[in-house]
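If you want the building blocks of each chain, they are given just below.
Protein chains: 2
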Amino acid sequence: MSDFRPVPEVEKHGEFLREVVELLFKNVVFTTRRDKVLLWQTPEELEKQFDFGLKQHGDDQEKLINLLRNTIKFSVKTGHPYFINQLFSGLDPYGLAGQWLTDSLNASVYTYDVAPVFTLMETHVLAEICRMIGPEWGDGLFCPGGSYGNGTALHLARFRRYPDIKQKGVGHLPRLVVFASEECHYSVHKYAAFLGIGEDNVVSVRTNEVGEMIVEDLEEKIQDQVDAGAVVIAVVATLGTTVRGAFDPISKIAEVCQRRDVWLHVDAAWGGGLIFSQKHRSKLNGIEKANSLIINPHKLLAVPQQCSLFLVKDKEILHRCFSRGAEYLFQKDKHYDKAYDVGDKYLQCGRKCDVFKFWFMWKAKGSSGFASHIDTLMDLAEYFERQVNNRCDFAMVSERQYMNVCFWYLPRYLRGKGDVLRHSPQLHKVAPQIRAVMVRHGSVMLGYQPLKQLPNFFRFVSQNSSLTRKDVDFILDHIAEIGDALFK
Amino acid sequence: MSDFRPVPEVEKHGEFLREVVELLFKNVVFTTRRDKVLLWQTPEELEKQFDFGLKQHGDDQEKLINLLRNTIKFSVKTGHPYFINQLFSGLDPYGLAGQWLTDSLNASVYTYDVAPVFTLMETHVLAEICRMIGPEWGDGLFCPGGSYGNGTALHLARFRRYPDIKQKGVGHLPRLVVFASEECHYSVHKYAAFLGIGEDNVVSVRTNEVGEMIVEDLEEKIQDQVDAGAVVIAVVATLGTTVRGAFDPISKIAEVCQRRDVWLHVDAAWGGGLIFSQKHRSKLNGIEKANSLIINPHKLLAVPQQCSLFLVKDKEILHRCFSRGAEYLFQKDKHYDKAYDVGDKYLQCGRKCDVFKFWFMWKAKGSSGFASHIDTLMDLAEYFERQVNNRCDFAMVSERQYMNVCFWYLPRYLRGKGDVLRHSPQLHKVAPQIRAVMVRHGSVMLGYQPLKQLPNFFRFVSQNSSLTRKDVDFILDHIAEIGDALFK
Numbered sequence: 015m016s017d018f019r020p021v022p023e024v025e026k027h028g029e030f031l032r033e034v035v036e037l038l039f040k041n042v043v044f045t046t047r048r049d050k051v052l053l054w055q056t057p058e059e060l061e062k063q064f065d066f067g068l069k070q071h072g073d074d075q076e077k078l079i080n081l082l083r084n085t086i087k088f089s090v091k092t093g094h095p096y097f098i099n100q101l102f103s104g105l106d107p108y109g110l111a112g113q114w115l116t117d118s119l120n121a122s123v124y125t126y127d128v129a130p131v132f133t134l135m136e137t138h139v140l141a142e143i144c145r146m147i148g149p150e151w152g153d154g155l156f157c158p159g160g161s162y163g164n165g166t167a168l169h170l171a172r173f174r175r176y177p178d179i180k181q182k183g184v185g186h187l188p189r190l191v192v193f194a195s196e197e198c199h200y201s202v203h204k205y206a207a208f209l210g211i212g213e214d215n216v217v218s219v220r221t222n223e224v225g226e227m228i229v230e231d232l233e234e235k236i237q238d239q240v241d242a243g244a245v246v247i248a249v250v251a252t253l254g255t256t257v258r259g260a261f262d263p264i265s266k267i268a269e270v271c272q273r274r275d276v277w278l279h280v281d282a283a284w285g286g287g288l289i290f291s292q293k294h295r296s297k298l299n300g301i302e303k304a305n306s307l308i309i310n311p312h313k314l315l316a317v318p319q320q321c322s323l324f325l326v327k328d329k330e331i332l333h334r335c336f337s338r339g340a341e342y343l344f345q346k347d348k349h350y351d352k353a354y355d356v357g358d359k360y361l362q363c364g365r366k367c368d369v370f371k372f373w374f375m376w377k378a379k380g381s382s383g384f385a386s387h388i389d390t391l392m393d394l395a396e397y398f399e400r401q402v403n404n405r406c407d408f409a410m411v412s413e414r415q416y417m418n419v420c421f422w423y424l425p426r427y428l429r430g431k432g433d434v435l436r437h438s439p440q441l442h443k444v445a446p447q448i449r450a451v452m453v454r455h456g457s458v459m460l461g462y463q464p465l466k467q468l469p470n471f472f473r474f475v476s477q478n479s480s481l482t483r484k485d486v487d488f489i490l491d492h493i494a495e496i497g498d499a500l501f502k
Numbered sequence: 015m016s017d018f019r020p021v022p023e024v025e026k027h028g029e030f031l032r033e034v035v036e037l038l039f040k041n042v043v044f045t046t047r048r049d050k051v052l053l054w055q056t057p058e059e060l061e062k063q064f065d066f067g068l069k070q071h072g073d074d075q076e077k078l079i080n081l082l083r084n085t086i087k088f089s090v091k092t093g094h095p096y097f098i099n100q101l102f103s104g105l106d107p108y109g110l111a112g113q114w115l116t117d118s119l120n121a122s123v124y125t126y127d128v129a130p131v132f133t134l135m136e137t138h139v140l141a142e143i144c145r146m147i148g149p150e151w152g153d154g155l156f157c158p159g160g161s162y163g164n165g166t167a168l169h170l171a172r173f174r175r176y177p178d179i180k181q182k183g184v185g186h187l188p189r190l191v192v193f194a195s196e197e198c199h200y201s202v203h204k205y206a207a208f209l210g211i212g213e214d215n216v217v218s219v220r221t222n223e224v225g226e227m228i229v230e231d232l233e234e235k236i237q238d239q240v241d242a243g244a245v246v247i248a249v250v251a252t253l254g255t256t257v258r259g260a261f262d263p264i265s266k267i268a269e270v271c272q273r274r275d276v277w278l279h280v281d282a283a284w285g286g287g288l289i290f291s292q293k294h295r296s297k298l299n300g301i302e303k304a305n306s307l308i309i310n311p312h313k314l315l316a317v318p319q320q321c322s323l324f325l326v327k328d329k330e331i332l333h334r335c336f337s338r339g340a341e342y343l344f345q346k347d348k349h350y351d352k353a354y355d356v357g358d359k360y361l362q363c364g365r366k367c368d369v370f371k372f373w374f375m376w377k378a379k380g381s382s383g384f385a386s387h388i389d390t391l392m393d394l395a396e397y398f399e400r401q402v403n404n405r406c407d408f409a410m411v412s413e414r415q416y417m418n419v420c421f422w423y424l425p426r427y428l429r430g431k432g433d434v435l436r437h438s439p440q441l442h443k444v445a446p447q448i449r450a451v452m453v454r455h456g457s458v459m460l461g462y463q464p465l466k467q468l469p470n471f472f473r474f475v476s477q478n479s480s481l482t483r484k485d486v487d488f489i490l491d492h493i494a495e496i497g498d499a500l501f502k
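Residue numbers (this note's numbering), protein chains in the order written: chain C, 15 to 502; chain Z, 15 to 502.
In short, the hints are calculated from the structure, not lab data.
Among the hints, erroneous ones may be present.
Pairs count within a copy or across copies, as identical chains cannot be separated in the list.
Claimed, not checked - Using 27 Å as the maximum straight-line C-alpha spacing, the simulated DSSO-like pairs for lysine-lysine come out as follows:
#	residue 1	residue 2
1	Lys182	Lys327
2	Lys359	Lys293
3	Lys443	Lys348
4	Lys502	Lys293
I would like the entire structure built from these sequences, with the hints used as guidance.
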């Protein structure tokens, strides 16, 4: 878009973009509680109401604006305070500004000369986060999601043990095994399959009643595998499990790993943001003992999708493992120090810039801003748990460990009955039905799931620090109201 | 951002975002030829001039606006017509509008209820592209880059042959090999290492004088590997190689693959966009015979970073290979058909929405708009080649196959000398020196590289259809002027 287009066209585009921005301000960016979280349509209904079809000729600007309007109309407002469905939510104005600038510059971050500011910014952010973890920590990557970071860790663990796999592959190796708790993220299994390790070689370690890995079970199972001739390459510990927000006992696990000379990877995608909170940082104690870890600032810190960091202690291993030195990109005769061409240590080639929005939010809020965001959310989760415990129509699934509040709504016939698990089959049907009503109303989006032997339960988890205690009361009352009507 | 914040704060954020948008309009979005492509600073200089540091407390809005201004000032304007450095460039107003809306909705695309519009949009776009390839084509994925798509293909090829690797891993398998031309993208090797296949098991097939895979060499090398006891799992053919833009002879390669029952993956990241051009589509003839392919709309079609499609013929294999059915996300008791929860067929979990900008550009331009974009670019590349051939101070490296024009600038002492390759060591130094001057001027960003035995040469390749013949003349004259001054 420049003077190489005729002036009227530039003006037309300018006007159009201004209209788009106004539309976004009016309909998405400044959502209020009076708006719905979503306008529910089944897939079949949406197909009828929305013009998805792609044609030979373009639409005029009026039609295009209408398409934008409808896209917003039928989309979920993830920035709405009552979107409490995932491990991300909220819409930070500085994060959004960062995204819009990133899009306008449309960079790919691989060489310094193509993305000078973003390259140095990545280096600064990674160095600062490493410093916050521990003095020995060395390097990192920006990843397209936490799954990818977990996969990278498994591969590095294997590579450290058998560096020649880069050239030779893994065909000549003994059976390799990885350990993770039974409440770990499913990406450990998906990537184990992808990397050629195999899902069966991810050994599930049992968790206790609040969801933490049982270290004794880990030790026993490691011994079993060693006895069976397998080579243990990695243990994946989770800090902030997806469903219950449990924190595996990292120091004890690290001790086992050190004794066995096994790579310890920490999946702190959800919990890792606590590193900013003086008050709650201690939940991460021992994290510095790991070999690698992931933190997703797009989760707890409410950075826009996606921003996912992989960090590693060994300063050299990423280059050793991933570098290939493609000469059309990483030319050897550049007019600056090619150590700044960070792309060669990545598995990815073209890579969207994910650092700017995070860096800019950090500049806008300071570390203290992230800290108070976290502390506010933790207070709110505590309040939520207290309310659940105070009411007879709700029950906690297990004690809250973090932001995740896992609870059941109890229909009348289950209240005051003691062990609700004796009524699992009935209880299992409650959450999905209540949720379906809320989604159809567009009032609240709240996730639920079963876990191990536990029947379906709700998980309250917010990353939007604008939620208040009044919101918590509203959400509980709203669920109770629907539940009372459904289950007489 | 909503009524859960005090009104003055919402107003403050609103004003701030408006100021940001104006800044973007003024300094990035509507770049003109009078602007520089970049304001070059060495990493050391940039470190001094730019306030990268992260602090305890946030900056005020005036400072923040200044940070945005400086980020733009020191960043490369990839939308500038003289950014011809990569396989992406240009800034489409509809693509940008699509990105800004995507960011405002901040969705993750895995389940229908969280991203209803984007889910169905992905289905429509994938179905339409599949239809354009061939009637048998079935399914696809949106990937974080083409490398990831190539990796996915290798894994699927292996999985098709040995479905039990999902559970058991690859430890019990014979040595697996993959074939690709010596000019293929480096991601084939990087992902072979990552997947446990090993770089040594990517067999390089020789290319001819214009960069196409030599099928006889492929056949011989397959036989050699089979004789050596290896199992051939995939051939990767490239349509539009990175450097020379060569198209491997896909039909002949497909015949070899069919005869050997080997998975054929086509890396059409760069060439695949031609599917929109009636005039040039025939360069993709035979593509329908592949098992899988990748197309990056963010390359030829100038969709903003990133938009990368992986497509596969077999309608079931993605689910079989990647599905895991995590119950906290893909609950079995949802109030709609869970076939619409596309996330389970992905290796990724959280996934940024990459479809909207592409779909919206398609709506705005129509298929015919993409076609004329391509045809304009191809005409321009043809003109560029003609000018190179007409001038005594330039020489083509090899005949142009596509948009890529690979050429040398010839210093005086090399002109009219016949075979310039006898002067390779001198010629090798020319392009880097000229480029360094252009980058320091900020006038033009143009890539160069060596290839096989060929010394450094420039690669002209544009995805910005606003470039004119006058621009081509300017670029060549500019190089010549610098070259004349440097090499007397």
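The hints, checked one at a time:
1. Lys182 - Lys327: Within one copy only: 25 Å inside a chain, 30 Å across chains, cut-off 27 Å.
2. Lys359 - Lys293: This pair counts as neither: shortest intra-copy Cα distance 35 Å, inter-copy 40 Å.
3. Lys443 - Lys348: Between copies only: 11 Å across, 64 Å inside.
4. Lys502 - Lys293: neither (44 Å within a copy, 68 Å between copies)
Going through the hint list in order, the structure does not satisfy hints 2, 4.
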